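*Asks:* As a plain string of letters, each chain reads:
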Amino acid sequence: MTMEAESDRVIDARGSYCPGPLMELIKAIKEEETGKIIEVWSSDESSAKDIPEWVKKAGHELIGVFKESDYWRIVVRKTK
Amino acid sequence: MKRIVILGGGVAGTLTANYLVPKIGEEIKKKEVEITLITERPYQIYEPGYLYLIFNRLGEDELKRDIKELLDPNVKLVTDRAIRIDTENQRVICENNDFDYDYLVIATGSRITPEEIPGLRDAGHWFYDMEGSVRLRSALANFRGGKIVVSVMGVPHKCPVAPIEVTFILHDFLKRRGVRDRSQIVYTYPINKIFIMDSVIEMIEPMFEEKGIESRTFFNPIEINPEEKKIITLEGETEDFDLLIAIPPHRGARVIEDSGLGDRGGWVPTDRYTLRVQGYENVYALGDATNLPVSKAGSVAHFQAEVVAENLAAEIEGIEPTAMFNGKAFCFIETGWEEATYIWFDYFTPPQPVMPSKFVHFVKIAYNKAYWLTARGLL
Chain A
489 MTMEAESDRV IDARGSYCPG PLMELIKAIK EEETGKIIEV WSSDESSAKD
539 IPEWVKKAGH ELIGVFKESD YWRIVVRKTK
Chain B
2 MKRIVILGGG VAGTLTANYL VPKIGEEIKK KEVEITLITE RPYQIYEPGY
52 LYLIFNRLGE DELKRDIKEL LDPNVKLVTD RAIRIDTENQ RVICENNDFD
102 YDYLVIATGS RITPEEIPGL RDAGHWFYDM EGSVRLRSAL ANFRGGKIVV
152 SVMGVPHKCP VAPIEVTFIL HDFLKRRGVR DRSQIVYTYP INKIFIMDSV
202 IEMIEPMFEE KGIESRTFFN PIEINPEEKK IITLEGETED FDLLIAIPPH
252 RGARVIEDSG LGDRGGWVPT DRYTLRVQGY ENVYALGDAT NLPVSKAGSV
302 AHFQAEVVAE NLAAEIEGIE PTAMFNGKAF CFIETGWEEA TYIWFDYFTP
352 PQPVMPSKFV HFVKIAYNKA YWLTARGLL
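So the sequence lines, in the order shown, correspond to chains A and B.
Going from the first sequence to my numbering is simple: count from 1 and add 488.
Going from the second sequence to my numbering is simple: count from 1 and add 1.
For reference, chain A alone in the conformation it holds in the complex (with noise of 0.2 Å):
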């Protein structure tokens, strides 16, 4: 189930597909600060794969992947 990050935005990409949650989460990256705590909410199970992908590459720190009922919540830490 759920850990209860302090999140300082969600973003609700569910019934988006991809890439669109990776790309509303690279736009959030751009315009927040470092430290800042970005959620993703995306119904598209690719996402739960591409978007930990991502993170690694650029550098960021990923919270974790949480699958509820019918979505799946990827929390990231922008870090530099």
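Worth flagging that the hints you see were computed from the coordinates, not collected in a lab.
Remember, it's a predicted structure, so these values are computed and weren't measured experimentally.
There's no promise every hint is true.
As the list claims (entries may be wrong) - Straight-line alpha carbon distances no greater than 20 Å define the calculated PhoX-like cross-link-like pairs of lysine-lysine that follow:
1. A:K537 x B:K194
2. A:K545 x B:K194
3. A:K518 x A:K568
Unchecked claim - These stretches of chain A come out as covered by chain B in the derived footprint (C-beta under 8 Å, 3 or more residues):
4. 505 to 513
5. 539 to 547
Built from N, CA and C at the ideal position, the CB exists for glycine as well.
Keeping the supplied structure of chain A fixed, place chain B upon it in accordance with the hints.
*Replies:* Relative to the frame of chain A, chain B by itself:
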């Protein structure tokens, strides 16, 4: 009298008007219905033609037609700039006049926002508007070898396959100019693969390899350094270039954002089947303006215009509107100077490209002229 206002004079707006008139000809004649199309500029541009203009295969004048030549004479054509859509009072507020509506069709398209990437306006080129395309045409004609980067700087953008097409045509163009052997072509894409559709990737990846085209993925430019001619990415990488062909970020139209009708990207939340704007019974949206997970492409606007016209005609005649958009898209993909393939797909059918051929390319070249028949609602 019922007033239908169509906002936008691109493919989506013009086709909706031209498909609608014959369906409600009697009502228009009896003055029970009036159709008004509002456009910012009095001419329409065939935007897929930019891909040919930059290689000097089509000229500016070939890509332009006066909208009054294209539009059914039963449609009232207004050239004005919409400032705000007031859905509460059912009114479109323009610079010079206001227009009340009973039914509104939002066909306001998309716009490029190169200013979102600092340095891009100074050091980059693109083929997503006339001015940029004309500038790129000169840069390509004067290119004597070096490194060209084709970089997709945001998704969604108009014509998803255009970056692939420009890359392939560029390869052949440089060969024909005798400078390919002293040139490097690099293609970049924001996600972890070189395109969004796997079947297209399967086809183009080996072709990139065979033609010596390099690619970079998870590549999201945040800044261009014009002095050093370098792209800086969010992922912490840099890529230098001699010539940068960018696919700039896109947003929905300003009037949509100013009216509070768009999502974060300025795209209008639209029902994927009925094409009604979410929350409004009497407002439809189509073409690039919507938030739908379909290509921002002329063919999509064309197929959607058929649906919107049918539904509006039904509403005028007091019948329940039942036409539904099934996500249909058709895209030619140029894979070289004289070679192309195509894909079609919808919400239920994935795309499956066919083997590239000269034949498909020549069909595309013919369609570049025949489009003006489509715009008139004839093809």
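*Asks:* The structure should be examined with respect to each hint, and the outcome stated for every one.
*Replies:* Each hint tested on the structure:
| no. | hint | verdict |
| --- | --- | --- |
| 1 | A:K537 x B:K194 | holds, 13 Å |
| 2 | A:K545 x B:K194 | holds, 13 Å |
| 3 | A:K518 x A:K568 | holds, 10 Å |
| 4 | 505 to 513 | holds (count 7) |
| 5 | 539 to 547 | holds (count 5) |
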